[in-house]
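K.L.:
Chains as they are written, first to last, in our numbering: chain A, 1 to 457; chain B, 458 to 643.
Since the hints were made in silico from the structure, they are not lab data.
For every residue, glycine included, the Cβ atom is placed at its ideal position computed from N, Cα and C.
Please note that a few of the clues may not be correct.
As the list claims (entries may be wrong) - In silico DSSO-like pairs for lysine-lysine, Cα to Cα no more than 30 Å straight-line:
(1) A:15 <-> B:594
(2) A:66 <-> B:620
(3) A:248 <-> A:66
(4) A:237 <-> A:319
(5) A:400 <-> A:320
(6) B:607 <-> A:51
(7) A:54 <-> B:607
(8) A:15 <-> B:617
To be verified - Derived DEER-like restraints, expressed as beta-carbon distance ranges:
(9) B:623 <-> A:70: 15 to 21 Å
(10) B:613 <-> A:208: 39 to 45 Å
(11) B:500 <-> A:245: 36 to 42 Å
Residues per chain, in single letters:
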Amino acid sequence: MLSSEEIIRTVEMLKNENLDVRTVTLGISLRDCVSANAEDLCVRIRRKIQKHAKDLVSACDRISKKYGIPIVNKRLAVTPIAAVAESLGREDYLGVARTLDQAAEEVGVNFIGGYSALVQKGFTKGDRNLIDTIPEVLSSTERVCASVNAASTRAGINMDAVLLMGQAIKETSLRTAERDGFGCAKLVVFANMPEDNPFMAGAYLGYGEPECVINVGVSGPGVVKKELERAVQSGKKLTLGDLSEIIKKTSFRVTRVGELIAREVAQSLEVSFGIVDLSLAPTPTVGDSVGEILQCLGLDSIGVPGSTAALALLNDAVKKGGAFASSSVGGLSGAFLPVSEDLNLSAAVHQGFLSLEKLEAMTAVCSVGLDMIAIPGKVDASTIAAILADEMAIGVVNHKTTAVRLIPVPGKEVGEKAIFGGLFGEAHIMEVRNMNRSSAFVTFGGRIPAPITSINN
Amino acid sequence: MNDWIFVSIIGRDRPGIVASVSRVLYQNHCNLEDLSQTAIRGQFAMILIASTLKEDVLRGLRSDFQELAKDLSLDINLKIIKPGELAPYDAGESEPFVLTVCGEDRPGLVYGITEVLAERGINITNLDARVALIGGKQEYIQLFEVDIHKGLDLDLIQEKLRKRGQEMGVGVDLQHREIFRAINQI
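Turn these sequences into a full structure, and let the hints steer you where they fit.
P.N.:
Following this line, the structure appears as structure tokens:
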């Protein structure tokens, strides 16, 4: 039997602490759709997505009502299109992307990830075609998300890919200038990209994944923040060890919700249950911010000295609690710092507390990387590529995932705001110091070798 | 088979009631099989089921309970249970849900909500009501655990309950019990 306290505590988490399931992402393999004929490939892709995803939204809605838990996003992830469309010519890639866009719209999801290539060690013809068409695709589709894995601990950093991606980000931004470069919000460059990530824009279905699989992203920082706030306000003498315990227990609770929903959706759609991603993904809502958690831990703002240590504590506690709660943890699983999607982070940039360099340092201890950062439109492609390379190096050397989602905002400068709307929020443009000073480095090209720690067999 | 008995005891709460009741049962060769006890605002209530280990113990039991009721100013009722009455209510193929009603207290609230349940044959397995801090505000909250037959339209029940809640100025949520278990229990 449940105790009244347990029921009341749960009601409180649901009503006032933004407890929800952030995303239910259905991975669909497109490997059996491969064809040398573009039209044929598109028909097969559309048919396969229709077949497996037609009931995704209705199943999520039904299960959400049954348990009284909001499922915020329903999304799709597919096999990297660079491989699926390998036999086609460059001119056919846009058609494939439009098919993905249309199929996603037909089944009622807001994003589909997998316009992707894995090029950490080099390119195939399909990889080059895919990267070359990213700006065109992101500016002419609504729901398609692109991602490129440019580095790994095993392979090192493909600097040719890094430079190409610097150029792709710049061009995508210019092609979506009227929306403050919004196309770049749908583009991520990775090191050590996970195959089962349910979060956009980096979701895709890896080659080792099953035919169809449900991956779930758990609730955001709101629940953790409220628990910490309650403990701090109780007046008890607490150490950081005590606060870490509180985060751990809360993470356990939210992960159990994710696991329950993931299993039920998977069962309902008769597909495999994959993983629960433990990432604390904020939303542009007051009370649902990673920055606010750091304030609960005693810092005036995210970005001040102590932020990296506090974030390390947070990330570690979330993982420990989550790992106990779920039999299958995967994806990115850490704290996200998407600047435009987190009101508190965006304000910290505006107030001068948070700089690009501090964010970079923090990404060494949290999951993802430089995420949803608006930068001046004038920043050149080689500087963007150099920032990508720095972030890739952190991931490669530390055996972890890092990623970059930078948004150069055409015609806007530091002090101005980029407005993306919805979950993407709005962002104060962040200063990029020392522009145009890295082009010789990035144009050397080739591959930065894998670190010695990668030889571990 | 010897008789099984059902006893209900209510009265002003104080130390020693459970000891006195169980002494009477023990001395009259009864074995406690199931028991539930609670106290609200100083009022004690207990129900129990006991099996009798010897024949013809009922007369002694009744007389001892009468004496106890007089001594401790309690209302004690005793009845014999037929074997067929020992099985719990069969809600058919059903799933457990938790219904929470949250808002300002007012007369008729429990009736208003339970009427919707009763009309659909939904059985209440547990009920509690208390004042709790929700979102920094003191709220009156009622918690019902109910079994809902799988054949019933959950959407329709949720809609009816929400509507009834709106009419009465309270928030009503009906959620599968598993979500509470998942969040709170290992």
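K.L.:
Hint by hint, note whether the structure agrees.
P.N.:
Cross-check of the supplied hints:
1. Our distance criterion of 30 Å between C-alpha atoms is met by residue 15 of chain A and residue 594 of chain B, whose separation comes to about 12 Å.
2. A C-alpha spacing of about 17 Å is found between residue 66 of chain A and residue 620 of chain B, which places the hinted pair at or below 30 Å, so the restraint holds.
3. For the hint pairing residue 248 of chain A with residue 66 of chain A, the CA-to-CA distance comes to about 27 Å; that is within 30 Å, so the pair holds.
4. Between residue 237 of chain A and residue 319 of chain A the alpha-carbon distance is near 25 Å, which keeps this suggested pair within the 30 Å criterion.
5. Straight-line distance between C-alpha atoms of residue 400 of chain A and residue 320 of chain A comes to about 17 Å, which keeps the hinted pair within the 30 Å bound.
6. Of the pairs offered as hints, the one joining residue 607 of chain B and residue 51 of chain A holds, with about 28 Å between alpha carbons and a cut-off of 30 Å not exceeded.
7. Taking the CA atoms of residue 54 of chain A and residue 607 of chain B, the gap is about 25 Å. The hint holds against a cut of 30 Å.
8. Restraint check for residue 15 of chain A and residue 617 of chain B: the C-alpha separation of about 20 Å stays at or below 30 Å, so the hint holds.
9. Hint check: residue 623 of chain B to residue 70 of chain A, Cβ distance near 20 Å, so the stated range 15 to 21 Å holds.
10. Look at residue 613 of chain B against residue 208 of chain A: about 44 Å separates their beta carbons, and that is inside 39 to 45 Å.
11. Range check, residue 500 of chain B to residue 245 of chain A: about 39 Å between beta-carbon atoms, so the 36 to 42 Å window is met.
Every hint, counting from the list given before, is met by this structure.
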